[in-house]
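Using the hints, position chain Z against chain G.
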Amino acid sequence: MITLKNISFKVPENDNIILSNIDYHIKPHDFVIVLGSNGSGKSSLLKLLDRRYQLTSGEIAVDKKSIARYSNNEFSKTIVTLTQNCHESLFTSLTLFENYLLTKQKHENHLFSLATKKEKTHFAIYLKNFNAKLSDKIDIVVDKLSGGEKQALALSLAVLYPPKILLLDEHTSALDPKSAQQIMELTHQVVSKSNMTCLLTTHDLNIAKSYGNRILALKNGQVHQKIEAPEKDQLTTQALLAACY
Amino acid sequence: MSSLFFSVITQSMTFLPLALGISISYTILRATDMTLDGSFVLGAAIFARLTTLGVPPLLSAACALIAGMLAGMMVSTIQRGGKVDPLLAGILATFILTSGNLVIMGMPNINLLSQTTLFSSAFAKSEFTGWILVSCCSLICCGISLFLISSRLGLLLRALGDNPSLLQRLGKNIEAYRMTGFALTNALAAASGCITAQTVGYADIGMGLGMTLTGIGAIILGQQLVRLAIKKSGARILIEFSACLIGVLFYFFAINCLLRFDVNPIYLKMILGLVLIFFLRAAVTRKLA
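Chains G and Z supply the protein sequences, listed in that same order. Take any residue in the first sequence, note its place counting from 1, add 24, and you have its number in this note's numbering. Take any residue in the second sequence, note its place counting from 1, add 1246, and you have its number in this note's numbering.
Fair warning: there could be bad hints in the mix.
What the hints assert, rightly or not - Simulated crosslink set (SDA-like; lysine to any residue; CA at most 20 Å straight-line):
no., chain 1, residue 1, chain 2, residue 2
1, G, K101, Z, P1410
2, G, K128, Z, L1399
3, G, K128, Z, G1417
4, G, K142, Z, S1397
5, G, K141, Z, S1397
6, G, K161, G, E173
7, G, K161, G, T116
8, G, K256, G, I50
9, G, K128, Z, P1410
Derived by calculation from the structure, the hints in this document are not laboratory data.
Only chain G is shown next, with the shape it has when bound in the complex (with noise of 0.2 Å):
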């Protein structure tokens, strides 16, 4: 599914090396728990991924083609990114369901259209799903949301045309405890539904503990420790610090 093939990545303008040499392979369906101190190249790995940093060797491939030959289109059809900064994965001066129509407009292109009711009432029958009270707000500004609601309507978003790949950059952790639990728990249930392969990086080590059926550890840039699903289990808070940190 994603091969990382030798990547290596370093900061062009000064020339710090924040990956280096990294070979990995993830499975269809996969759910990915990126580990690793401040620093070690959790967020850059993401990024390296989404196509918003260039790699400056090595090769990632999705399905056996690199994501460089993917078309715009395509890719965003493909990888789908959450970050813990909803303002870069929503319009945040657009009402909830302008935001809906914009990411209808990747897999259609009416570009002379107006938005009916019917969508209007699919769209909040579809939010119902994912947090009850965003339904009766769909015709409010982003911004004006809490950060729970939008964290919850930027997932929605992205799993609204279910991509092949999640990546979720902390995206739980500008959020209060109960609300990063809620997110948590609805990430868990729309990866698990529409078996997507999901990638995500904490520094949560009950989140490591309870999601995901693979650990990828990262220290200096480097792989520290690969950690697969039947041992991954059976690791305590305590033994998961001191094996990835």
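Positioned in the frame of chain G, the structure of chain Z alone reads:
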């Protein structure tokens, strides 16, 4: 009094397409497109030149609109990929258009009083009929633009103004949408210039000077007045157009009133600038409260 209202409405109708273009650029694309000054003159210049060459008025007007679109595409190409600052790109495009307009006109001023224009036969019947036709043309231009910004295209333009990198990650070609947006706003400016040339009876190289800033001022005034009257959100496009219309009416009403009170025209823009500062400060104070 009725003559005051008549001049306010007639002046507003010729200015309205330009104001809508400025509003789309300022509130939807979130760019201060200074090219609109040049495109306004371009519309007047193309129409005047072609009409004096014997081209039918309708065809001349169509050419003026197309030229406006091309000017918009030019400014978008200049700032493509964020390589040139949008404000600077607009100023550079206006700079280029100043020469371009002179080349098109061949002289700084073209008289249209003896030419057949789109409105000449209507004005020959009566001034009122003439202005009804001018208003219809102006409102048709605005109506088409409002339909476009109400559609998915308009939503994509709003998305471009809000978060271009997210729009790109949705697989959209943001440069194509930027070009479409600027083509639309500059076509509206050219339409306004074309209508103005026919109503005042000439095209002049300096007729666009300060138009964009005047328009932005009128729109800000309109937005503040509309927000005072309408508190709830929704019907955004109607509110935006109302702000545009009310702002333009208010601007020309203020200008005409000041002139009737024998205020020296030298002070007009200074007084309106101070009124604008007052409205902007009031808006910020209201937001903080």
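* 20 Å limit on alpha-carbon distance, applied to hinted pair K141 (chain G) and S1397 (chain Z) -> Holds. K141 (chain G) to S1397 (chain Z) sits at ~14 Å (cutoff 20 Å).
* Asked: Is K161 (chain G) close enough to T116 (chain G), meaning Cα to Cα at most 20 Å?
  -> holds (14 Å)
* Given the hint that K161 (chain G) pairs with E173 (chain G), does the C-alpha gap stay at or below 20 Å? -> Given pair K161 (chain G), E173 (chain G) holds - Cα atoms ~10 Å apart, limit 20 Å.
* Decide if the proposed pair is consistent with the structure: K128 (chain G) and P1410 (chain Z), CA atoms, cutoff 20 Å inclusive. => holds (17 Å)
* **Given hint G1417 (chain Z) paired with K128 (chain G) - CA-CA distance at most 20 Å** => Holds, at about 11 Å.
* To do: Decide if the proposed pair is consistent with the structure: K142 (chain G) and S1397 (chain Z), CA atoms, cutoff 20 Å inclusive.
  => Since the Cα atoms of K142 (chain G) and S1397 (chain Z) sit roughly 16 Å apart, the hinted pair holds (cutoff 20 Å).
* Asked: Is the hinted pair K128 (chain G) and L1399 (chain Z) satisfied, with a Cα-Cα distance of at most 20 Å?
  -> Holds, at about 13 Å.
* Assess, step by step, whether the Cα of K256 (chain G) is no farther than 20 Å from the Cα of I50 (chain G), and give holds or violated. => With a Cα-Cα distance of about 16 Å, the restraint between K256 (chain G) and I50 (chain G) holds, given a limit of 20 Å.
* Asked: Holds or violated: are the alpha carbons of K101 (chain G) and P1410 (chain Z) at most 20 Å from each other?
  -> holds (18 Å)
Going through the hint list in order, the structure satisfies each hint without exception.
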